[in-house]
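Novice: Could you build the full structure based on these sequences and the hints that come with them?
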Amino acid sequence: MDEDLALFYEDSSDQLQNMENALLDIIKVGANANSVGELFRAMHTIKGIAGMFGFDDIVRFTHKAENLLDNIRQEKIVFSSELQELFLLVKDHTSKIIELCVNEDGLDAQSLKEQTTLIEKIDSVLANGDLAQTSATLGQNVTLDFSELSSNQDNDVWHVSIRFAEDFFTSGMDILSIFNYFNKMGKILFNAPIISGMPKIQEINPLKTYIGFELEFQSNATKEDIEEIFEFVEDDVTLFIFKRSDKEAYHELFSAYEGLQNILQDLGQYEEEKKTIVPSEDVKTEMEVPFQNENLESDLKVEKKELAKSLRVDSNKIDLLINQMSEVVIANAKIEALVSKSEDSPLAESVEELKLLLENVRDNIMSIRMVPLKDSFIKLRRIVNDTAKKLGKKINFVIEGGETELDKTVIEKISDPLVHMLRNSADHGVETPEVRKSRGKNEEGVITLRAFADAGMIVIEIEDDGGGINKKVVLQKAIEKGIVPAGCILTDKEINHLIFEAGFSTASEISDISGRGVGMDVVKSNIESLRGSIEVHSVELESSKITIRLPLTLAIIDGFLVQSGDTKYIIPLELIRECIELTPAMRKSMNDNSYVTLRGEALPILDIRKHFSEKSYPNLRENVVIVEFANELIGLKVDELYGEIQAVIKPLGDIFSNVKGLSGGSILGSGEIALIFDIVNLINSKIERS
Amino acid sequence: MKIEDESFTIYEVEKIREEMLQANDNVIDMSGVKKIDMCAIQLLCSLKKSKNGLSIINANGDVLSTIEVSGCFAILGLRHG
Chain A
1 MDEDLALFYE
11 DSSDQLQNME
21 NALLDIIKVG
31 ANANSVGELF
41 RAMHTIKGIA
51 GMFGFDDIVR
61 FTHKAENLLD
71 NIRQEKIVFS
81 SELQELFLLV
91 KDHTSKIIEL
101 CVNEDGLDAQ
111 SLKEQTTLIE
121 KIDSVLANGD
131 LAQTSATLGQ
141 NVTLDFSELS
151 SNQDNDVWHV
161 SIRFAEDFFT
171 SGMDILSIFN
181 YFNKMGKILF
191 NAPIISGMPK
201 IQEINPLKTY
211 IGFELEFQSN
221 ATKEDIEEIF
231 EFVEDDVTLF
241 IFKRSDKEAY
251 HELFSAYEGL
261 QNILQDLGQY
271 EEEKKTIVPS
281 EDVKTEMEVP
291 FQNENLESDL
301 KVEKKELAKS
311 LRVDSNKIDL
321 LINQMSEVVI
331 ANAKIEALVS
341 KSEDSPLAES
351 VEELKLLLEN
361 VRDNIMSIRM
371 VPLKDSFIKL
381 RRIVNDTAKK
391 LGKKINFVIE
401 GGETELDKTV
411 IEKISDPLVH
421 MLRNSADHGV
431 ETPEVRKSRG
441 KNEEGVITLR
451 AFADAGMIVI
461 EIEDDGGGIN
471 KKVVLQKAIE
481 KGIVPAGCIL
491 TDKEINHLIF
501 EAGFSTASEI
511 SDISGRGVGM
521 DVVKSNIESL
531 RGSIEVHSVE
541 LESSKITIRL
551 PLTLAIIDGF
561 LVQSGDTKYI
571 IPLELIRECI
581 ELTPAMRKSM
591 NDNSYVTLRG
601 EALPILDIRK
611 HFSEKSYPNL
621 RENVVIVEFA
631 NELIGLKVDE
641 LYGEIQAVIK
651 PLGDIFSNVK
661 GLSGGSILGS
671 GEIALIFDIV
681 NLINSKIERS
Chain B
1 MKIEDESFTI
11 YEVEKIREEM
21 LQANDNVIDM
31 SGVKKIDMCA
41 IQLLCSLKKS
51 KNGLSIINAN
61 GDVLSTIEVS
71 GCFAILGLRH
81 G
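Chains as they are written, first to last, in the working numbering: chain A, 1 to 690; chain B, 1 to 81.
Keep in mind the hints are simulated off the structure, nothing from the lab. Yeah, the Cβ is synthetic: ideal placement off N, Cα and C, and Gly gets one too. Among these hints, one or two may not hold up.
[As the list claims (entries may be wrong)] Quick list of in silico lysine to aspartate or glutamate cross-link-like pairs, DMTMM-like style, CA-CA up to 20 Å: (1) A:Lys184 to B:Asp62; (2) B:Lys35 to A:Asp174; (3) A:Lys184 to B:Glu68; (4) B:Lys51 to A:Glu203; (5) A:Lys471 to A:Glu540; (6) B:Lys15 to A:Glu203; (7) A:Lys200 to B:Glu14; (8) A:Lys113 to A:Glu99; (9) A:Lys200 to A:Glu231; (10) A:Lys545 to A:Asp492; (11) A:Lys200 to B:Asp62; (12) A:Lys317 to A:Glu231; (13) A:Lys200 to B:Glu6.
[What the hints assert, rightly or not] Now the in silico label distances, taken between C-beta atoms and shown as ranges: (14) B:Met1 to A:Glu234: 35 to 41 Å; (15) B:Leu21 to A:Glu252: 35 to 41 Å; (16) B:Leu21 to A:Glu231: 34 to 40 Å; (17) B:Leu21 to A:Ala256: 29 to 35 Å; (18) A:His251 to B:Met1: 43 to 49 Å; (19) A:Glu400 to B:Asp29: 53 to 59 Å.
[Said to hold, decoys possible] Covered, in the sense of this in silico footprint (three residues per stretch, anywhere, with C-beta under 8 Å from a C-beta of chain A), are these stretches of chain B: (20) 4–15; (21) 22–28.
Specialist: The following block contains the structure:
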C-alpha cells in the first residue's frame, strides 16, 4: 500500500473508531452536541481526504451521511434509535468501502447495492424527517461481508529500492541478512546492485557503504511486512516500496535517482534470465551498464543525510525512563528540602552538585524524544499539492525551519491540526489564478510553513498570501449562526478568532475539501490540550498567518514556585520576565484598578488570590511576577516567592477540567502539591474579565 | 593476486584494498577465502569497476553462494562450476 494511502487508512480507522465510540455513547446516554459533532467530524474528515485521493464512492457516501448529521446538528431531525442503528451501518459500510478503495479493488456489486440502500434510507430521512417508512427493512438488506476482498496475482510483485546510509557497514548491520529475510518472505525475482555512485578502488573508503539495490520481489506480503524487514535500520536506509504495477511510483523513484530509469529499462530486457541467477555473457555485459556510464557517478541525487551513529530503542523504554527520571526529580526535591533544614554545609554542597548533574541528565533524557519537524512537514506537501490541483489553484508550498526539534508526542498530536489548517489555507486562503491576477498578485500563491524556537517554546506558523479573512463576512456569519449577538462590536482580533468557534464556516459553497465549519475549533482545542496557544493574524486581500506556540516538552518543566493564600503554584520559568515587590506606593496607585504603572507603562495585574478564591491574610507582603506570552505582558499578584524548581507535570484529573488557568499539578519535595499555571488561559481569562 | 586471508570481511577490507592497489593485478585468486561479507563484495565491485578485464577465480561454494545472495554475481563476472 502506498505510504499516503496507508496514512489515510490509519487516520480513517481512527475516525471510524471515534464514530463508533460516540454512537455507543449515544445509544447508552442519548445524543448531545459533542457526540453528534464527533460523528460529523469523522464523516467530514474521511470525505475530505478521500476526495484528495479521488475516491468518489467514499466522497459521495460520506457526503450524504454528513448532510443528515448536519440536519441533526441543527435540530431539524431528531436522533431517533432508528437513526442510531442507521449510523452504525453507515460506519461499517464506510469502513468496508475504504478498505476496498485503498486496496484498489473498487466497489463490488454487493457493496454498491448496500451503498444504494443506505443512501436511499438517508434520502428518505432527509425528505421525511424520520425513518418510519424504511425502518422495517433496515438491517435486513444491508449485510456486510469482508470476505470478498480478492487478490490479484499481478499485485503480488513488489519493487523495492534500497539505498544505505554511508556508515551502514560500520553500524554492524549485515545487508546479506536483509536478503535472507526477503527470501524467507517470498522470492527475489530480480536483484540489481546499483554501483554507479561507488568510487573506483583508488578512491574508495572501503568501510563506507556505496552500493544500493533495486529488487523485484514476489510475495503476498503487505508493504508493512516488507518495511518490517528494515525495522531496525529504518533510519539508515532510503526505501521505495511499491507494487510493480504502480507506474506512478516508478516515476517518483526515477525522479529521486537520475539515470536509474535507463538502467532498469536495460536490465528489464533480461528479467527472465536473472530469475535463474546463472548469468550468460550477454547478461554480464548488460549488468555492467552502470560501469560504462561515467555520468552515473553522480546520479544519486537523494539527499545525503549526515547520519550520526544511531541506536533504535523502543519508545516505551524511553517513556519509562522519563517517568523514572520524574520520580528521581521528586525524590531529589525531598532531599533538598531536608538538607535546607540541616546545617551540614558539605552535605548541602554535594546535594547542590547532584542537583546540577540531575538537571543535565534530565535535559539529555528529554532530548531523546526530540525529533526534527522536517519529516512530518514533508508529508504535508502532498496534501497542499493535491488540494491545489483539485481546486485548480497554483500554490508554492515553502517549508522553513524543518530542522527545528520538538517532542515526538507533540509532533504526532499536531499532525492532524496542521493538515486541517493547510487545507483551509489552500481552500479558503489562496485565491484562484484569475482572482489573484485581477488583484495584481502573482498567479501562483505561496503557503509557508515555518518553525522556530522562541522564548522556550516552539512556534509554528502557517502563512499564505491569499485573500485574508473577510471580517465583514465573518462577523455576519457569526451573527447568523448565533455565535455572537447581533449588533455587538468586536475588535479585528476578536473577529479573526471567531473562526475557532464550533460550527463556524464562511464557505458559500460547501466543498469536499473543507468548509463545513469543523476543524478549526478542534484544532484550537488540540493545541490547547498540549499547553499551547493559537493566534490568527490577517490582512484583508493580502495575507493571513496562523501562529501556534507549543511547549518544548510535556513531562518536566523548569518552574518558579510561588504561594498565594494557602496554595503553592508553579509558573513556567521561561515565561517569566521579572519579579517585583508590590510597594505600598504601587498598591496605592492601583486604586482598586487591576493594573499598575511600571516604568511609565500600564501593566495589567491578575490577583491570583482573588482569581482562585484563596484565603486572604492581612499584612502579607505582596509580589508581582511579570510573565510574557505572545508579546503580552501581565503581572501575577502572589504572596510568596520561593524560587526556581524542577516540576514534574502530573495531570489533575477530571475534577479540575473546568478550572481555567491550570495545566497540571506537581509534587514538591515536602510532599505538598503545587498547581502549575496555564499562562495562556490565565491571560485569556484576565482579558475576558476585563 | 591471491587473497591470503580466510576471512574477507569488514575487518580485513582496508588491508586487502592496500594489497590490491600494490599488486595491481587483473586476476584475484579467492581460493583461500572461506568467509565473505557485503563490505568485501562491495570492494570487489569497486575493483571490477576500476579494471574491466578483472577475473575473480577459484572462489569456493560458500563464497559463491554468498555473492549470489548479494545479487553481485553477474557484476563480478562470476560463473558457476
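Novice: Which hints from the list above does the structure break, by number from lowest to highest?
Specialist: 9, 11, 13, 21
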